[in-house]
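Undergrad: Protein chains in written order, with my numbering: chain H, 1 to 114; chain V, 1 to 112.
Simulated from the structure, these hints should not be mistaken for lab results.
There's no promise every hint is true.
Which stretches of chain V does chain H cover? Using the computed rule of at least three CB atoms under 8 Å from a CB of chain H, they are [unchecked claim]:
1. 29-42
2. 50-57
3. 101-107
All C-beta atoms, glycine included, are put in the ideal place defined by N, C-alpha and C.
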Amino acid sequence: AQSVTQLGSHVSVSEGALVLLRCNYSSSVPPYLFWYVQYPNQGLQLLLKYTTGATLVKGINGFEAEFKKSETSFHLTKPSAHMSDAAEYFCAVSEGNQGGKLIFGQGTELSVKP
Amino acid sequence: KAGVTQTPRYLIKTRGQQVTLSCSPISGHRSVSWYQQTPGQGLQFLFEYFSETQRNKGNFPGRFSGRQFSNSRSEMNVSTLELGDSALYLCASSLAGRNTQYFGPGTRLTVL
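Full structure from sequences and hints, please.
TA: Below you can see the structure in the form of C-alpha cells.
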C-alpha cells in the first residue's frame, strides 16, 4: 500500500534561513507527488507537483522540490524563509490506478522566527 | 475562474443527527474528492466522484455517503453523527483522475 512519511511534525527556522521539509513515500507504481500548504482556518493550496519529466520542480512562493526515485524522497526546500511561510505543509502521493485519491503525510508545521 | 466553494463553512450538530455538506467544483472539473481532516488522524480520503459515479472509496463506515449531480456539484452526507465525526471536511476538484486537485476552504463540523 502506498504511504507518505513526513519527518518532523514541527520545524522551526529563523527568517532568512534555509527551509527543508522532508517527505518519503512508498508506491508500487511511478507516483505523482504533491506539496500543499495550509494556513489556519483555510483549505489546502498547491505549492508544486511532480508527475513526469524533470525531477527538480519549482513551485510558488520560491519553493522547490526534487524527486529522487532511488531514495523515494520528495523533499521541499526554500533558500530563504519569510515570516509569511509559517503554515502547515503536507506531502501527498497519487498512484495511477487510484484516480482522484491522494494519500497525505501527517504534515509538518513550519514556524519562522524573526 | 472561481475556486472550489463549500457550504456551509461552519456547522454545529448533536450526536445522532445527520448532516449534508455541499461542494461546487471549479467550472469544467468533473472529479470531486472528499477528505476528512482531524488532529489525530490527519487528512484521510473519503471518496471520489467522477461523472456522477463513485470511483474510489476510503476506509470509512457506511454512515458516510456522497453523490454527484450532473453539473458536477457534490454532496456528502453523514448520518447518525458521533463525537468523533467532528472534523474539517475538505472537498477538492480536478479535471479528471490524477490531475491536480484544487481544494475548497472546508466545512468545519462540530458534533456535541
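Undergrad: State for each hint whether it applies.
TA: A quick look at each hint next to the structure:
no., hint, verdict
1, 29-42, "holds (count 5)"
2, 50-57, "holds (count 3)"
3, 101-107, "holds (count 6)"
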